[in-house]
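J.: Knowing the structure of chain P, use the given hints to seat chain W on it.
2 protein chains.
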Amino acid sequence: MVSIECIAPENVAFDETMSAKEAREALASTVRRAKELKIPTVILFEGWGASGKGYMIEKLISELDPRGFKVYSIGGATADERRYPMLRRFWTKLPSYGNISIFDRSWYREVSISRVEDGLPHKTVELYYDEIREFERQLADDGYIIIKFFLNISKEEQRERFEALESSAATKWRVTDDDHRRHKNYAKYYEAFAEMIDRTNRIFAPWHVLDASDKKLTARTVVEIVNRTLTAAIDEKLAKKGDEDWSRKDDAIDYELAERTHANPIPADVRVDMAIDPLPIPPLDSYDLSRIVTDEEYKVRLKELQNELFKLHNKLYMKKRPLIIVFEGWDAAGKGGSIKRLTSGLDPRGFEVIPVAAPTPTELSYQYLWRFWNTIPKTGHIGIYDRSWYGRVMVERLEGFAKRREWVRAFDEMNHFERSLVRSGAIVVKFWLHIDDDEQLRRFTERQNTPEKQWKITDEDWRNRDKRLGYHISVDQMLSLTNTPYAPWYVVESNNKKYARLKVLECIISEIKKNL
Amino acid sequence: MVSIECIAPENVAFDETMSAKEAREALASTVRRAKELKIPTVILFEGWGASGKGYMIEKLISELDPRGFKVYSIGGATADERRYPMLRRFWTKLPSYGNISIFDRSWYREVSISRVEDGLPHKTVELYYDEIREFERQLADDGYIIIKFFLNISKEEQRERFEALESSAATKWRVTDDDHRRHKNYAKYYEAFAEMIDRTNRIFAPWHVLDASDKKLTARTVVEIVNRTLTAAIDEKLAKKGDEDWSRKDDAIDYELAERTHANPIPADVRVDMAIDPLPIPPLDSYDLSRIVTDEEYKVRLKELQNELFKLHNKLYMKKRPLIIVFEGWDAAGKGGSIKRLTSGLDPRGFEVIPVAAPTPTELSYQYLWRFWNTIPKTGHIGIYDRSWYGRVMVERLEGFAKRREWVRAFDEMNHFERSLVRSGAIVVKFWLHIDDDEQLRRFTERQNTPEKQWKITDEDWRNRDKRLGYHISVDQMLSLTNTPYAPWYVVESNNKKYARLKVLECIISEIKKNL
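The listed protein sequences correspond, in order, to chains P and W.
Numbering of the first sequence is given in the working numbering, commencing with residue 64 and proceeding in unit increments.
Numbering of the second sequence is given in the working numbering, commencing with residue 64 and proceeding in unit increments.
Just so you know, these hints were derived from the structure itself, not from any lab.
Since we're looking at a predicted model, the values are computed, not measured.
Any given hint could turn out to be false.
Since the list can't tell identical chains apart, any single copy or any two copies may satisfy a pair.
Said to hold, decoys possible - When the alpha-carbon atoms are kept at most 25 Å apart in a straight line, the in silico BS3-like pairs for lysine-lysine are as follows:
{"id": "1", "residue 1": "K235", "residue 2": "K576"}
{"id": "2", "residue 1": "K383", "residue 2": "K530"}
{"id": "3", "residue 1": "K101", "residue 2": "K403"}
{"id": "4", "residue 1": "K383", "residue 2": "K247"}
{"id": "5", "residue 1": "K366", "residue 2": "K235"}
Chain P on its own, in the form it takes in the complex (with noise of 0.2 Å):
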């Protein structure tokens, strides 16, 4: 069994000429060129009852502009938020760039307290420590600074603390019931922190466990701490910064190798987690693009397929699964319109279409995953994406939105992402509409010359069917990248409107079938 061990003291020595107001003004300072630099910070403090996390949070702030950062207070989940994967409500709470949001409990409640009382099996509390490590990996990659505080007393000094907060009128409300239960188990709760540490210590996310029996000690090297690591952060920055131009270049695109052999080779500095590992799926080159069906066929064959999905929904409803379906595919190749046929026989009121365009400036400062975090539907509901977070491995890598390392570890992170919307119940099908370029060309011909459908044409249409080649290559990197087994891609034979539509359909119908 492990134990909770302090930091040693002499590792968090601080110069005890500057008083503790003057050691909070330099973390002011700090956080200033932190923000000017556009480093955003998560701060979070476990630890036990009465440890005194709101104390530390008052020093830690005192001296900060209070515009710059948001403290968020964590109680069990609501009713409402379990209806999402369980990381979602710190996603939407994650400070934007160059600001921070200060946790008084925080996603470790899960995983600590409300796993000794929900009695959450071993099985979920594994699973949670795995998404809580992808979660902060996502978050330090991006830039995120990330200083987790757990706050250590004994149970004899909590004892005494509840009673010194009990023999006041004004204070009494403070000691919950709660909190004397969670005295009273003391040892589980002791096992379950212990636990938490030391599967969730990172180098680039660790716990500072502090022994939190001398208050105005304990704030003081909060202070030293948050002002050391933030330093820390901002030169590291500084001595980056020359680096920057060269990750924007996609050299991992051999144009020459890629049109003679129609090899396209995953760029070797892309990892992919092996607890992951995609399945095999043919290149676009090898699908049959002359399937058709006739109109006959269609007709009757929709209304089938509809019916069947509108009773599956019902199904899914029931059983609380999320369904979510993401379409990509060509410019033209007819997204709008399955997504029109896949819509209409389904209840307007348990559905959501989210059309993705180029992020806002708002979405931008934030990590890119952030913007879907906020849009995935819950429980029974059925979320579609036209377009979706695909697009940092395609016009982000190809446009040099997105820099190299971004979008390198772009496929493990959306894998990752995606095995959480699985984990939390969901279904995801993935579809590729894919058309040759002749068709493609036909139709935007076809655009540009039909007064009503002009409108669906860009020059940007134009500009892209330019990159074909490049796109080509990447669309095949993602696809073999990113075909896991528990969100598997489809592409999906669409120079025939008609087939493509019906195939949309019996894939959706199958996966449903499959996963309930």
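T.: Below, chain W without anything else, positioned relative to chain P:
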């Protein structure tokens, strides 16, 4: 007693040579034009259980581009939603310009279903009518199209529909115990519905009460009404296009008169709800800016006031009252410093500072108050606004970001907004931090010459100084028009920073005490 009167069929006659599908396609094309013109649309359905709301929505959207609308199914408010003003959850579901929100039940749920079932007192229902009328008026003034349907069926018809649903295993679950209970009390709900329609039938947001006994005919009628309403809105918008230019000019400030006489008459076209009627407030020029406190006095008094506020915050928390504090004032008047003194004594888990800068593109695609509805504090919490919605009648007015007709009606809209907050239990206090021209120049120069303070001063600050007279006049008008009994302004003499900080704390404390 009022009764529910359906629209006479001849008033919604339609071209019978057009099939239902053709009518829906015609609607889709109208919706596309409305989107191009950035017209936002709200469509809501109220009516009896099993009157076919879901079916109507399904038909209505079947040919629409699914990326342009969202459907919301409105249940009773959750515990979390109850911690905010009644309308907040609807403000957050409004469509942005060019889009459509469709509601299956809506804010009218509160004055119909919930009214009967939660036994809301008459007074609350009256307030809700009032809030709803103002909500819809503000939206309509901003260019939102509001289309309200009530689907009417007789008690007999309802019984038959329930029986039909219950006769099949596939649809049996759709009839709930609630449905049966409501059916039994048909007369009670009838009364509530009839009154609701009667009280909220406005020219800019009329009720379309439809006899829904024939589902297909009703769906066709719904499509017809939406198409007609949107077509009229499109025509009106196109006709108005030429008018926009003049409307940006602010011809309401007579600078010469103002310089000469120090009189700042209210523009003649400003109207303020007589039910609200602001209290008189002295003009800016009448405050004595020479007031000071000694350092000694400041130190002692600051601690006292902070302690007192800390205790009052506990009381607010226990009584579940939110507190909203607005800081406005001249550049460099000391808003940041006052906010810091205010927050540094508070429990950081119970307040939030909301810095208000120029609206983002997302925020600009909604009515201007939308972003503030999204940030109001919940019960027991303190929301501190560093600048606020009053930007509408200062910077947006003077820089021409708001059209004349927009800022002219904003005074009244903001009064109503604050009344909604107060009615939901909030305490609202507003500060204008006042310094004179010389003091501002002194502070600007000091900032410019102090390296650590240079970040606080921008070219725009200097430019704004040139517009001081315009601001002076606008501020005086703002104070006179929005100094309501329930959300008073305090002009704080701020040439002496310490005096100002104490006065801010004193005013907040006195307002809390007055309201608890």
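J.: All the hints need checking, so say for each whether the structure fits it.
T.: Now for the hints, and whether the structure bears them out:
no., hint, in the structure
1, K235 - K576, "between (55 Å within a copy, 23 Å between copies)"
2, K383 - K530, "neither (42 Å within a copy, 59 Å between copies)"
3, K101 - K403, "between (41 Å within a copy, 22 Å between copies)"
4, K383 - K247, "neither (37 Å within a copy, 30 Å between copies)"
5, K366 - K235, "between (66 Å within a copy, 23 Å between copies)"
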